[in-house]
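Novice: What follows is each chain in one-letter form.
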Amino acid sequence: MTSASLSRWLLVGEWRAHVAQVLVALIAIAIGVAMAYSIHLINTAAFNEFSAASKHLSGQADMQVRGRKAYFDESLYPWLANQKDVAVANPMLELDVAVVGKQSIRSDQKLKILGIDMFRAAQISPDLLGLPAQGKTLDRLASDTIFLSPAAMEWLQVQQDDELQVYAGLHTLTLRVAGGLVRARAGQRLAVMDIGAMQWRFEQLGLLSRIELKLQPGVNHHAFKARLAEELGSSYWVTEAADQELRVENMSRAYRINLNMLALVALFTGAFLVFSAQALSVIRRRQQFALLRVLGVTRVQLLRQMITEGIFLGALGSLLGLSLGYLIAVMAIQFLDGNLGSSFFPGVKPGIFFDPIAAMLFFGIGLCVTLIGSIVPAMEAARTRPALALRAGSEHAVIEKLASPWPALICLGGALLFTQLPPILELPVFGYLAIMLLLIGGIALMPRFTAGFFSFLTARLHRYQIGAVSALVLARLTNAPSQAAMALGGILASFSLMVAMAIMVMSFRVSIDHWLGQVLPADLYVRVATTGDQGGFQVTQQQDIAGLAGIERVDLFRTQQLILDASRPEITLFARPIDGNDPRNTLPLTDDVIASGSLPEGVMPMWVSEAMVDLYGYRVGERVQFPVGASFHEFVVVGIWRDYGRQFGAVQIQLADYQRLSGDLSINTAAIWLRHGMTVDTAIEDMRRLDFGSALEISRSSDMRALSLKIFDRSFAVTYVLETVAVIIGLLGVGASFSAQTLARAKEFGMLRHVGMTRRQILAMLAAEGGLLTALGTTLGFVLGWSISLILIFIVNPQSFHWTMQLYVPWSWLLAVALLMLISAALTALMAGRQAVSGQVIRAVKEDW
Amino acid sequence: MKMIQKRGKFEYAKFMLTWLLLITFLSMETLADEPMTRLRPVVPDHHLSFPHDYGAHQDFRIEWWYITGWLESGDNKPLGFQVTFFRYATDQNHDNPSHFAAKYLIIAHLALSDPSAGKLMHQEKTLREGFGLAYAKQGNTDVKLDDWYLVREDNGRYQVDMRADEFGLQLSLAPTQAVLLQGDEGFSRKGPKPEQASYYYSEPHLRVTGTVFRNNKPVAVNGSAWLDHEWSTAYLDSDADGWDWVGANLDDGSALMAFQIRGKNGGKVWAYAALRDPSGEVRFFNPDQVEFTPLRTWKSPHTEAVYPVAMHIRTDDIEWRLTPMLDDQELDSRQSTGAVYWEGAVTLTKNQQPAGRGYLELTGYVRPLAL
Amino acid sequence: MLELINVNKAYAGRQVLANLSHMLRSGEYVAIMGESGVGKSTLLNLIAGLDAPDSGDIRVNGVAISQLNDDAATRLRREQFGFVFQAFHVLPHLTVHQNIALPLLLNDRSTDRVEQMLANVGLQGRGEHFPRELSGGELQRVAIARALIHRPALVLADEPTGNLDPDTAHDILQLMRSEIKANGATGILVTHSHVAAGTADIVLNLTKNGLFQAQPEHRR
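Residue numbers (the working numbering), protein chains in the order written: chain A, 1 to 849; chain B, 1 to 371; chain C, 1 to 220.
Think of the hints as simulated: they come from the structure by calculation, not from any bench.
Since we're looking at a predicted model, the values are computed, not measured.
We put the CB at the ideal spot given by N, CA and C, even for glycine.
Okay, derived cross-link-like pairs now, EDC-like style, lysine to aspartate or glutamate, Cα gap no bigger than 20 Å in a straight line: (1) A:Lys102 - A:Glu697; (2) A:Lys214 - B:Asp147; (3) A:Lys84 - B:Asp165; (4) A:Lys84 - B:Glu166; (5) A:Lys84 - B:Asp147.
Label-pair restraints from in silico Cβ distances: (6) B:Thr323 - A:Ala133: 39 to 45 Å; (7) A:Val12 - C:Asp70: 34 to 40 Å; (8) A:Pro78 - B:Thr323: 44 to 50 Å; (9) C:Asp70 - A:Gly452: 33 to 39 Å; (10) A:Thr724 - C:Asp70: 37 to 43 Å; (11) A:Pro78 - B:Thr209: 30 to 36 Å; (12) A:Pro78 - B:His94: 19 to 25 Å; (13) B:Glu166 - A:Leu425: 44 to 50 Å; (14) A:Thr172 - B:Pro51: 46 to 52 Å; (15) A:Gly467 - C:Ala72: 15 to 21 Å.
Some but not every residue of chain C turned toward chain A, in silico, with C-beta under 7 Å: (16) Thr74; (17) Arg78; (18) Phe83; (19) His89; (20) Gln98; (21) Leu105; (22) Leu106.
Chain A with its partners taken away, still in its complex shape:
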């Protein structure tokens, strides 16, 4: 017999004998890999599609010129077009426009309209040319026509030649759907108009959003870009396609990475299950291995055998996981969308593509995780001296040795150290490493905790006469904690992560709720369905609104989008009246502020969001040059405010400063406080009766709050699903471990039945063991989870999303989950124990192996 066939016999024999346990380990790995892989697939698909869609809009342009502000003067266009090195300059005006009948405060309910010069676009992005009806060529230049992508037509329920009403400032505008954008990407909601028509009809005369450039052949892009950037000065950004990709990538990177990390958690839980399955298998087969060693199998052969088993398990589980993950991804895209509940990739209908490299990567991760889970028990099996193992009653020596506390303590120490390290590439790499080390260390210490806790308990109960069942349970938990703890590895990992996520999400939610209360203090918020960079309300309309009856106070907001760094998404500028004496009345400030009294005379104050600090290095007390109106002006950063709405940064300045510097008196939003006795409904009716009333977007702050929280919950829905999956895997692991241990303990039960334990007593003993262990596990899981939540809240979130939050522990919810876990684990143990009371155990006392 060759050693290969021996290896196969052993593997097949072992697996056949313990199908359930192998299956659970397999499922754990498969589910872990599947979750991670499907999330990766969905995210990648959504991201690729989103970036392809963005690229689609700019066609084959070599470069883009944008303003710091969202819109800039068109005089740049002829200047660029006349540059010797420029082959084509393609001017574009882009607006997100509200559609009549689709009014909503949410940005994804707006229609993106691109204004193009078809003759220029034809040379750079021909896909953007609308297809008019036969013989209606000039529709592409007409001032009352619009071309819609198929997805936009479907969304708006219009066909060619239908009318479409949209808001242009305070007016409605009726456009004729002149045709389709047949080459728009699937799901891409997009409209195209003639650029001249658009400037006119949407009151954007003289403004452009960007100019795309195609350079003459042979022009050095880098040199040209540098020269152009210098000539254009700081008001404009020159970006290459790669910069734009980076920008799109930056937009969702933190979100994608964090979701991937969560997905890996499921896999991580699987690793613990593999470990416990393999470790138990080693214990069970201790004598078998000893016999093999006696018969002449070398240590290395034995080690190889165990590792081979791990590889088989890992490969099989990973393959299963890849197929499952692909299936999940396809179905998720089919039935949901690519957003996974978030809104990072709006208006995108991605397709899943099989990428062999990613598949191999996830296969590798699954395999590695399995091997890591197998290696420690395998080494243990190889190390054992056969003579010792052949002796009865030596099963436990195996695991006791694993419990040296040092590796665990080193892990915990490492975790502590990593929490102090800064992010890498703006990603909380060390934060996640700290979480991993914390988990590993915590779980590795579990046997010690178990032994310590139960021996303490035993000692305390020593004086009392306790029943046989209790005595047996306590003795087992005290004296053989490793096996017991091993069963809990998976559940401990998943439960502590669940606790961590629950605390983090609830803290986030509570913080946001609180924050919404602070940032939405007024009764009503009124804005125009706008269009571009102009504030929708001019002075007369502002007065009309303020002059309505029953209004106590009106605060006016001017908001603008600015680009401060071409590789980053836009930041938001808010200009609004801010209570100079106590800005806290207006803004949700952190503690990092300069007292208003200590400001020198004549400086203009600026309050920046936390993201500005992390991304742009703004510090309190610092003087910064900031573009307002046509040029840069000096502001002093006087405070930092929490902003959960814009992770890419936002600043607030006094409206008076803004209006003085820019000469722009228009505003975007009016916050309205009603007088006592005035109902919100009446106020809304009054506003609707204004001659521009129908164009107003009027939101109650309560509705906005509810909507914000709804969006919040939706974006975390995937998180909940992932965590639930992790816990289910953990429970499966408990079931499998318990049932394996029950099998391994058949002789023990057989003897106990002989000496007079009833079936019920044995079941009670198993339930008590399971329950007590789980109770301890959940307690430890809670402590571990709480620590992890601190890392999530105070390290991972600020580093990824640049916002901080206050800690909030959802006690009742956690208790309920813990109770549920306790009951599930006890029930699982009971079900596994049914074998323990079958007739076979009685015969087990006679089988020595």
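Dock chains B and C against chain A, hints included.
Specialist: Here is chains B and C on its own, set in the frame of chain A:
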């Protein structure tokens, strides 16, 4: 342009435009159906006045400056060239204050026939007028589209500069003869209805000097060219299917222009010819006196269209034979603007005697794709 | 105290015990011998109430254990029976003391007697040791102590010395006999070993036809 008749030109221009807009022939009808227009019709008994009429006429829908000619480089190899600038009034956006408002479009074609290359090199551009990037000015010929331009200097000399990726030209064209008013003092009919007409004058025998760029290498050239300037608002007869046009500088200093508008039934809808002798005497031929007869056809490998590239033309008692410099002088720009026609340098015999060189234009030979 | 009346038991169609009848008096210590597969273990299981006969009755002190349900049989076993196994079956996670005390705990009785029992089986001062620290002979001493700690009426021993060397086996057999006698219990020793059987009062041979007293020459 070279197609002198109003109708031919209109149709041609319209064709060009619609092709440019990626559409097929079928769009002719729609423009004709335009209900309300601010554009002026072409009327008889209108007196052209120069230099004003060298410039653009914004009140008319379509206008073009069209130059064709034969060039010779140092190696004595002949080259043919064609330069056209169109101005097209969209008749839209009158009230639009935007600088991008698409009121006028400028379209330009550049083609070079090079027997050594064995085919026609050509390029087209279109742009809306505005920002100084594209315009057709009034008062004198001054047309620009990005870096392409055609300007008439006060002394009557034209300057053309048009460079494409692989080829281009930079020419100076000096008049040697008086302006030739086509039709009735510049009122040129294109069809049986009187409103189917254009204002049309030609400048034959322009003396050309300058540089041609082939593969970005400059070659000094000289030669002789023909300029047409034509503007109109009305359109071809709805029965028209295409046209054949020729303009030729004859060796003895005479100038010939002839065209026929073909009907959908293959017959002649309208025809016209003018022959000016070196002394300046012009002989006009009415539709019945002008007859085009294909002598040889060439099937385009690009579009499968069959063109009568060698043509027999009778103007009353005179027999003309046209022989192409190359067979493949088809402008197939379906990949860009979509226009497809044959526009080629030809040599002429008059009553079997070598007589001169000119350009032949054949349109309407590509069937619209049946979709 | 133990009556077997017409006991029949078949496994998978094979008659293992046929019409077996026997009576054991209180305080008797008998050895049962027989060829492999003749039904010795089956007989022990039936006596212990771990298995039920197809027909016939088994009475322990007048109680028909074969008629009891599982719980009642278990309670009876817990109070009246002691077991010694070939493989010792000492719980590894309990100390020696705890292992011996197990039957007392199950019967809700005081564990005071454990120390004395430890002394009886020669394991004074080893009470807090774990089984992994003990030799095979010592483990079997623990098992004997556990079998007798609650003063059972009947001790069943199945090849108790099968895993031990002859010297140790001799000591264990002597210890078992003396402890059974000292506790006034009835003992049944199932064994293949004539030497072992020789330590019993009576040796019975189990054959296909029933239980028969062995020839005197088999007795010590």
